[in-house]
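First to last, the protein sequences are chains A and B.
Yeah, the first sequence ends on 131 if you go by the working numbering, and it's all consecutive.
Yeah, the second sequence ends on 284 if you go by the working numbering, and it's all consecutive.
Worth flagging that the hints you see were computed from the coordinates, not collected in a lab.
Warning: the hint list may mix true and false statements.
Partner residues are not named here, just some residues of chain B that face chain A (Cβ under 10 Å, in silico) [said to hold, decoys possible]:
1. 56
2. 94
3. 129
4. 184
5. 190
Stretch by stretch, here's where chain B covers chain A in the computed footprint (C-beta under 8 Å, at least three residues) [said to hold, decoys possible]:
6. 12–20
7. 92–101
All values reported here derive from a predicted model rather than from experimental measurement.
Where a beta carbon is used, it is the ideal one built from N, C-alpha and C, also for glycine.
So the chains spell out like this:
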Amino acid sequence: MQPLELILARNLISTISVAALLVDADRRIIFFNQAAADVIGAPFEEIGVLEPQEWNAKYGPLGPDGRPLPEEELPIAIAVREARPAFGRFAVRAERGVIQIEMGAVPLTGPRGYHGAMLVFWPLPGEESSG
Amino acid sequence: MNITFWGVRGSIPTPGPECTGVGGNTPCVQVGCDDGTRVILDAGSGIRGLGTALEPGGGPLHILLTHLHLDHIQGLLFFAPFFDDEAEITVWGPPGGGRTLRERLARYLSSPLSPVEIRELPAQVSFRDVPPDPWRLGDCELSAALVAHRGPTLGYRIEAGGCALCYLPDHEPGLGVDMSATPGEWISGFGLAQDADLLIHDCQYFDDEYREHVGWGHSRLADVHEFAVHAGAERTLLFHHDPGHDDAALDGMSREATQLWSANGNGGEVAVACEGDELRLASS
Numbered sequence: 001m002q003p004l005e006l007i008l009a010r011n012l013i014s015t016i017s018v019a020a021l022l023v024d025a026d027r028r029i030i031f032f033n034q035a036a037a038d039v040i041g042a043p044f045e046e047i048g049v050l051e052p053q054e055w056n057a058k059y060g061p062l063g064p065d066g067r068p069l070p071e072e073e074l075p076i077a078i079a080v081r082e083a084r085p086a087f088g089r090f091a092v093r094a095e096r097g098v099i100q101i102e103m104g105a106v107p108l109t110g111p112r113g114y115h116g117a118m119l120v121f122w123p124l125p126g127e128e129s130s131g
Numbered sequence: 001m002n003i004t005f006w007g008v009r010g011s012i013p014t015p016g017p018e019c020t021g022v023g024g025n026t027p028c029v030q031v032g033c034d035d036g037t038r039v040i041l042d043a044g045s046g047i048r049g050l051g052t053a054l055e056p057g058g059g060p061l062h063i064l065l066t067h068l069h070l071d072h073i074q075g076l077l078f079f080a081p082f083f084d085d086e087a088e089i090t091v092w093g094p095p096g097g098g099r100t101l102r103e104r105l106a107r108y109l110s111s112p113l114s115p116v117e118i119r120e121l122p123a124q125v126s127f128r129d130v131p132p133d134p135w136r137l138g139d140c141e142l143s144a145a146l147v148a149h150r151g152p153t154l155g156y157r158i159e160a161g162g163c164a165l166c167y168l169p170d171h172e173p174g175l176g177v178d179m180s181a182t183p184g185e186w187i188s189g190f191g192l193a194q195d196a197d198l199l200i201h202d203c204q205y206f207d208d209e210y211r212e213h214v215g216w217g218h219s220r221l222a223d224v225h226e227f228a229v230h231a232g233a234e235r236t237l238l239f240h241h242d243p244g245h246d247d248a249a250l251d252g253m254s255r256e257a258t259q260l261w262s263a264n265g266n267g268g269e270v271a272v273a274c275e276g277d278e279l280r281l282a283s284s
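Okay, chain A solo, but in the shape it has when bound (with noise of 0.2 Å):
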């Protein structure tokens, strides 16, 4: 059974339009919404769940070189370790090429403890390239 935080979170994010992925607290992606969906090429019903590492090795984040950026630097990472919002930007591996996003993390932590984070995201105007 899943804590009712990221329940709620989930519920949220398959509702709006903005792209959004829920990630437990051992940072496994295991949820993300239909805009997301639209960004990486392919539905959350056809991924399933992913560990952290096959997430990043699929679709990053990258660094200006294009090499995977330390986990340690993520929104993720930071939300986590500072139990705050964090945000960042980074290219990723969309369906349409290597695109620059923009990302913030929000730790889900409730009378329990933390659950996870709820990461939204938005690809920046102007800045695809291809991959």
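Once you've looked at the hints, dock chain B against the given chain A.
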């Protein structure tokens, strides 16, 4: 496990001749386990009648609060065992906000809202946050989980003698989710209700009333049905009746529910919970 309903109404006590059939007291359900363990679910105005009916000296009492909305705690001060210096009572409730359950309840049980302060209660009373993992009281195994409602709110599951009771008096599992297309682990309260012999569930609204109350933390009949079927509950009792629903309205809800459950199958039995109802859960 013997179950007695002392209060089935939601929001505010609803006295008056038009509600005498179903009852007007706010939530309180007594659960008596066969080994003598005594559990009380919520402390709405119905707990006053229970307190006067309990024999003194029957052993420890455990009051399990789902949350601290007034309709679930307003009977505390009128629960006779609190004024018996030999009574031993543990009040369990949701964790929250860095303040103890006692501190949170003291906001209500103190001046100017109350003539009696918590510290003045003669009984031996302790206050405990529910543990994150299942715990035991006598032969009963209890589990609690936060569920979809406004503010930190628990649902409970009590298992004893091979039977399972699930209590979700204030619950809106259908908010923002199509339950029929969602795996159970992603539905609020599902783990507590799965395969329960008895599911006591919020059904504050008829389906047409729900449109004006989405997000208020309560359920419509169609969602209760979907939830009960999905969870595989053997029997469902509709609970936390809206103060605006008199006996005639709840008769109508009972008819609608019966049609819904029988038309779709696999949902077990359904009825409207009434004050004074007594039933026994026993493994066959």
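Cross-check of the supplied hints:
Given hint, residue 56 of chain B at the interface with chain A, is violated; its Cβ is 35 Å from that chain's nearest Cβ, farther than 10 Å. Taken as an interface hint, residue 94 of chain B checks out: its beta carbon lies about 7 Å from the nearest beta carbon of chain A, inside 10 Å. Annotation: interface hint on residue 129 of chain B holds; nearest CB of chain A at approximately 8 Å, less than 10 Å. The beta carbon of residue 184 of chain B comes within 8 Å of a beta carbon in chain A, closer than 10 Å, and the hint placing it at the interface holds.
With a least beta-carbon distance of about 7 Å to chain A, the hint placing residue 190 of chain B at the interface is held under the 10 Å criterion. Counting residues of the region 12–20 of chain A whose beta carbon lies closer than 8 Å to any beta carbon of chain B gives 3, which reaches the threshold of three, so the coverage claim holds. Counting residues of the region 92–101 of chain A whose CB falls under 8 Å from any CB of chain B gives 0; the rule of at least 3 is not met.
In the structure shown, a violation is registered for the earlier hints numbered 1, 7, in ascending order.
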